[in-house]
Structure formats: C-alpha cells, structure tokens
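Novice: Given next are the chains, with one letter for each unit.
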Amino acid sequence: MSFKPKDLPPTAVQLDMADMVHVDRAVARRILAGDEAAFRELFDRFFPRLYRFALVRLNRDQETARDVVQQTFCNAIERLDGYRGEAALYTWFCQICRNVISDHYRKRQRGAEHVVLLEDQPDMRAILEALAAPTDDEPDTGVWRQQVRRVVEATLDALPGHYGEVLEWKYLDGQSVEEIARRLELGPKAAESLLTRARVAFRAAISDLAGASDELTGSLGQSPG
Amino acid sequence: MEHESQDRKSSPDIVASLIRAAGRRTEPPEDAYQQVLAAATGAFREKVAERRGRSWILLATAAGVAALAIAFLLQWNSNTAQTQVAQVARVIGTAELAIDGDWKPMTETGGYLATGAKLRTLAGGGVALALDDGASLRLAAATELQIDGPRLVLLRSGTVYLDTRAILGTGYQIETPVGTARDVGTQFELHVADGSLGLRVREGRVEIDRAGNLVNGSAGEQLDIDLLGGVSRTSIAATDTAWQWVETVAPAPDIDGQPASVLLAWVSRETGRRLHYETPGVEARAATVILHGNIVHLAPMAALDVMLATTDLEYTLVGDTMEVRFRTEL
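In order, the protein sequences belong to chains A and B.
The opening residue of the first sequence carries number 1 in the working numbering; numbering runs sequentially from there.
The opening residue of the second sequence carries number 1001 in the working numbering; numbering runs sequentially from there.
Mixed in with the good hints, there may be bad ones.
Computed spacing ranges between beta-carbons, pair by pair [as the list claims (entries may be wrong)]:
#1 A:Gln-146 / B:Leu-1228: 26 to 34 Å
#2 A:Glu-178 / B:Asp-1100: 48 to 56 Å
#3 A:Asn-59 / B:Pro-1280: 27 to 35 Å
#4 B:Tyr-1112 / A:Glu-185: 20 to 28 Å
#5 B:Ala-1284 / A:Asn-59: 40 to 48 Å
#6 B:Thr-1026 / A:Ser-176: 21 to 29 Å
#7 B:Arg-1233 / A:Gly-187: 49 to 57 Å
#8 B:Thr-1026 / A:Arg-40: 19 to 27 Å
#9 A:Asn-59 / B:Gly-1042: 25 to 33 Å
#10 B:Gly-1319 / A:Arg-40: 30 to 38 Å
#11 B:Asp-1133 / A:Glu-185: 53 to 61 Å
The following residues of chain A were derived to be distant from chain B, with all beta-carbon distances above 12 Å [unchecked claim]:
#12 Asp-44
#13 Arg-182
#14 Arg-183
#15 Gly-187
Keeping only pairs whose Cα atoms sit at most 20 Å apart, straight-line, the calculated SDA-like set for lysine to any residue is [to be verified]:
#16 B:Lys-1047 / A:Ala-26
#17 B:Lys-1047 / A:Ala-37
#18 B:Lys-1047 / B:Ala-1016
Hint data in this document are derived by calculation from the structure and do not stem from the laboratory.
Glycine residues also receive a C-beta, built at the ideal position from the N, C-alpha and C atoms.
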C-alpha cells in the first residue's frame, strides 16, 4: 500500500479539481478496457481512504468497515460504465460507500444508528480555533484530539491526487522539499509547487468546513413556530 | 519555498499545526487490504470479461452514428423577441457564456438569460438554471446548450437534468433525431455523446416517439438509444450514484424562517429518497420548528445534518427512505 513515484499521475504537479476529473475519466476508461495496472493503482489509492470513510460511519467497527469497503469496490466496478466524470472518482466511490452503509443498517434493522460527521457539526470552528491556540487547561484533551484527528483525516482523504501524502511527508516525516522532490522524481521547483498547491487545497477544504460551521453557529438556531 | 515562507509570515501555520496535531492517518489492517483486494480484483476481471463478451453488439450499434443535436422542446412559444427565459441559480467550477462569439467566464449567480443564450460547462463544472415556469434545469460537466426560446433548449452535447416538480401536467416534450420524448411532472436526465442518447428517469414517466413507435421509460429505468433505434434498457434506483452530480449542483432554497419540513422535503427530492415521519407528532413538529440561517453551498445531505443538529429532530437513512423522528440523544 505504500506510495511510489510511479503512482503519481503525470499532471499531479498542477492538479486542480477539473484536471482531476479528466484524470479520473481516463483512469475509468483504462480500467474498463481491462488495464489491471490501472485498477490496482486506483485500488491502492482509494482503499485506505474509503476504509477510513467507512470506519467513522460504522462506530469504528473494523470488520464491518472491511466488508462495506469490499462491497463498495464490487459495486463501483460493476457500475463503472456509468461514471461520466461529473464528480471526482473518489467522491463517486464515497457515494457508493454511503449507500452500502445505508443498506447495512437497513439489513440489520438498526434504525437508531445516526452518524453525523464531525465536519458537518456546528462546533467545528471552535475545534479549529482551539487547535490554533491550544491551552494547558484544555478539558478532555483526548476527546478533543480524537475529533481533530477525524476532521484532518477526512480533509486529507478528500484532497485531490496525492496532496494528502505530500503534506504528511512534509509535516509528519519532516522531509524537505528537496527530499520530496527526489521521492517523486521531480525537480525542486515542481515539488515546491506541488507542496504549495497541497497546502492551499488543505486550507481551502478546512476553511470551507469551518466557514460553513461558523456561519451556522452564528446565525442558526431554532425557535418554536 | 518562497510561497510557503510568505504564507508563514502572514499567519500562524494552521496547516502544519493541524496535521501534526492529528498525527498519521489510520492505516487499514493488512488482512483487510488483502481480502478486499482479492474480492475487488475478482469483480474487475469479471467486469472486463462481461464487457468483452458484448463488445460486438456495441460495435454494431455505434457504426455510422452521426453527431446528434438534442432539442428540448419544452413548450413552444412563438415569441421571437429576445426575452428572459431563465435565471442562473448556481455555478460550480468553470462555466462559460458566449458573448459576441467569445466564451466568457460565468461566475455569478442571479443573472438572467435571454433567448439565444449559449452556455457551456467545462470538466468539473456545473450550472443550475431556474426556468421561468419553476422547473430546474441543470448542466453537468462538459455540457453545451443553447436556449432557443422561452421554453426551447438545444442540447448540443453533454448531460442535463430536468426537474419539473412545480408544474405537473405541463406536458414537456423533448425532440431528438431519434425521436420525441414527452414527460409529465418528472425528474429525468438526458445524456448526449458520440451519437447516442441516454435517458434516465428518476420519477414519473417518459414516452419516446420514434416515427410513431412509442418507447416508454418509467421511473427507475435507464434507456440507451442510438440513431438506428437500438434501445437497451437497464434499471436505476432513485438513489443511485449516477444522480450524484445533480445533488452537487442543486441550488439550495432559502430556508431562513422556514419550517424544518421545507428543508426535509427539499433534501428528500434532491436525493431521491422517500420522506417518512416516524409518527404524526414528528411530522407536526417538523412543520412548526422554524430554521434560521442559510445553507448556501451546502450539499443537501450536509445541509440536513447541520440544520437538524439545531433541532430536536434527527433522521436515519434506511434503504431509499429518510426516516425522521425525535432526537434520542440531546
């Protein structure tokens, strides 16, 4: 499952969402044409992300998450002819995964299950602000850190291309731009550009979440009719 | 590192802080990876074998098919003057409007479109138009069309979705070189590419008239039709992922000051799910809880999550049904 330079699409250095859709459509066509390498590349790229996607929606039940992701891949491949590139392929897979999870709950008749994503909750902004200025007396740090982890994981997984991996190499592994460039077999300028784009994409994704939540936190509420 | 340095000087490095605080992402267990890979590889090989087995049929139907132009004859209006025909309800990604022969970026919503307007979306783009009679017309990515009259749209290429919810019984017509389609109060999608016409019916019924030969498409059906009249028919659920792009570009209603039931009805329709209240009391509550704020730029399900979180209601997706009840954990 490790990421290798050959996995990086040629255009990854300058990918935006429109480019991603182009790449995704090409990948889908290659898979449908029987290109097993393309299928394996997609599998390795999507499996860990979908697994995490399912895991948080299934109360961290690993066995069920595995089964759900397996069904998701089978359903997606069966319906791949219908993928027209209206959305990123990963987004398309996520929707299939949602449906499989919904079916899972229906079959088990567990109507009480209601998973609300943290990134959709109104206190998202507060979490991010708390992270930006952590304090020693932060209450219940373990829970807080777990919430942040879920949000960041979801955000990194939702980024196009391999932006998530590049950001982890930089900020978790402490790799320099030069080291990232060598790992990706890119020039330093191209690696720097890739990292910048990854940072911008991450900021935009997290800001969208926080912005929506802030707006809702400030103005939403209910009043009896 | 110039950009990064400037970035860091201007504000705290929230990107680095967040990623470091979160730590490395959860890696799936190796045995899960191997099991899913084996199953997915089997599905892949089966799919490829199935496609190769039917390839000769596709070749036969594709041969000689010329480029199509699809006309939506929504309701003929002989008014030839330039009139307002639609309002831009939402733009996602790159969409362009032809002005004096040049394609110009179309970035703002709220603008009006007149007869003769030509629009196109590029990869990753999408547009929602509010037609004057209340119907919603949506353009998927890589779609080009021309509005030829108050209720006449020419689809040159790509994919559109029409929702005629507000005007049941108007009797919309869709003309194509393959035949004429008629619908009543429905949701459906048309796709034009490489000379073929794809029709997906989400709700209601669509009748296609090919020189007097009628072909019916009902809710839950997908028809692929070529110029030679070849029709292949498959099923498609109202919640199938194929409809996902429609949700993505859906213009959110103004729910400020509206009861929760309005939001629930909108989400239900946009996602193709049946809305069911657990009890009459829950339904009554949904009709009286007033929401405040806006859901602009939120997808239907995300909007529902954040808005219902401010109420004492919650929902569960059970198959194709969205079950609403009182919140069990406050």
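Novice: Compare the structure with each hint and give your call.
Specialist: Here is what the structure says about each hint:
no. : hint                               : in the structure
1   : A:Gln-146 / B:Leu-1228: 26 to 34 Å : violated, 59 Å
2   : A:Glu-178 / B:Asp-1100: 48 to 56 Å : holds, 49 Å
3   : A:Asn-59 / B:Pro-1280: 27 to 35 Å  : holds, 31 Å
4   : B:Tyr-1112 / A:Glu-185: 20 to 28 Å : violated, 51 Å
5   : B:Ala-1284 / A:Asn-59: 40 to 48 Å  : violated, 32 Å
6   : B:Thr-1026 / A:Ser-176: 21 to 29 Å : holds, 26 Å
7   : B:Arg-1233 / A:Gly-187: 49 to 57 Å : holds, 53 Å
8   : B:Thr-1026 / A:Arg-40: 19 to 27 Å  : holds, 22 Å
9   : A:Asn-59 / B:Gly-1042: 25 to 33 Å  : holds, 29 Å
10  : B:Gly-1319 / A:Arg-40: 30 to 38 Å  : holds, 33 Å
11  : B:Asp-1133 / A:Glu-185: 53 to 61 Å : holds, 57 Å
12  : Asp-44                             : violated, 9 Å
13  : Arg-182                            : holds, 16 Å
14  : Arg-183                            : holds, 17 Å
15  : Gly-187                            : holds, 14 Å
16  : B:Lys-1047 / A:Ala-26              : holds, 17 Å
17  : B:Lys-1047 / A:Ala-37              : holds, 15 Å
18  : B:Lys-1047 / B:Ala-1016            : violated, 42 Å
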